[in-house]
Amino acid sequence: MKESTFINRQIRNLRIQLSEYHKTESGNIEKNPLALAFLNTLNYYSMSLSYLLCFLNTDSSSEENKYLQSYYFSKASGDQTLLWVKSQIK
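The working numbering puts the first residue of the sequence shown at 1, with every later residue one more than the last.
If you are wondering where the hints come from, they were derived from the structure by calculation, not from laboratory data.
Don't be surprised by glycine CBs; every beta carbon is placed ideally from N, CA and C.
Heads up, some of the hints might be wrong.
[What the hints assert, rightly or not] Taking lysine-lysine pairs in the DSS-like style, the calculated list, with each CA pair at most 27 Å apart, reads:
1) K90 x K23
2) K90 x K75
3) K23 x K75
4) K23 x K86
5) K2 x K66
6) K2 x K90
7) K86 x K75
[Said to hold, decoys possible] Across the chosen pairs, the derived CB separations fall in these ranges:
8) S4 x Q69: 33 to 41 Å
9) S61 x S87: 36 to 44 Å
10) L34 x E64: 19 to 27 Å
11) T5 x K66: 19 to 27 Å
12) L56 x Q17: 23 to 31 Å
13) T24 x T58: 37 to 45 Å
14) K90 x S61: 42 to 50 Å
15) E3 x K23: 26 to 34 Å
16) Q10 x N57: 14 to 22 Å
17) A76 x S4: 39 to 47 Å
Throw the hints in and build the complete structure from the sequences for me.
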């Protein structure tokens, strides 16, 4: 559990740094859509990890189902965005 909390904190810090970079260095979306896509990917993965932590910490089966559904949605969205980034780089 400590490892997952540490990873979540690291992802959140990286997301904040990338968000600041996007605001100050990379310009607007039209000029640098890849930076925004990376930021969105990190957001999705951060959310998925947060839902996974909630799932691990709950005792309610209805809450477990809700957290798992949100985890899979966020994870799939992150994967899809990352695939788009890969296609743009090639």
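A quick look at each hint next to the structure:
{"no.": "1", "hint": "K90 x K23", "verdict": "25 Å, holds"}
{"no.": "2", "hint": "K90 x K75", "verdict": "23 Å, holds"}
{"no.": "3", "hint": "K23 x K75", "verdict": "25 Å, holds"}
{"no.": "4", "hint": "K23 x K86", "verdict": "22 Å, holds"}
{"no.": "5", "hint": "K2 x K66", "verdict": "23 Å, holds"}
{"no.": "6", "hint": "K2 x K90", "verdict": "37 Å, violated"}
{"no.": "7", "hint": "K86 x K75", "verdict": "16 Å, holds"}
{"no.": "8", "hint": "S4 x Q69: 33 to 41 Å", "verdict": "19 Å, violated"}
{"no.": "9", "hint": "S61 x S87: 36 to 44 Å", "verdict": "39 Å, holds"}
{"no.": "10", "hint": "L34 x E64: 19 to 27 Å", "verdict": "36 Å, violated"}
{"no.": "11", "hint": "T5 x K66: 19 to 27 Å", "verdict": "20 Å, holds"}
{"no.": "12", "hint": "L56 x Q17: 23 to 31 Å", "verdict": "26 Å, holds"}
{"no.": "13", "hint": "T24 x T58: 37 to 45 Å", "verdict": "38 Å, holds"}
{"no.": "14", "hint": "K90 x S61: 42 to 50 Å", "verdict": "43 Å, holds"}
{"no.": "15", "hint": "E3 x K23: 26 to 34 Å", "verdict": "31 Å, holds"}
{"no.": "16", "hint": "Q10 x N57: 14 to 22 Å", "verdict": "19 Å, holds"}
{"no.": "17", "hint": "A76 x S4: 39 to 47 Å", "verdict": "19 Å, violated"}
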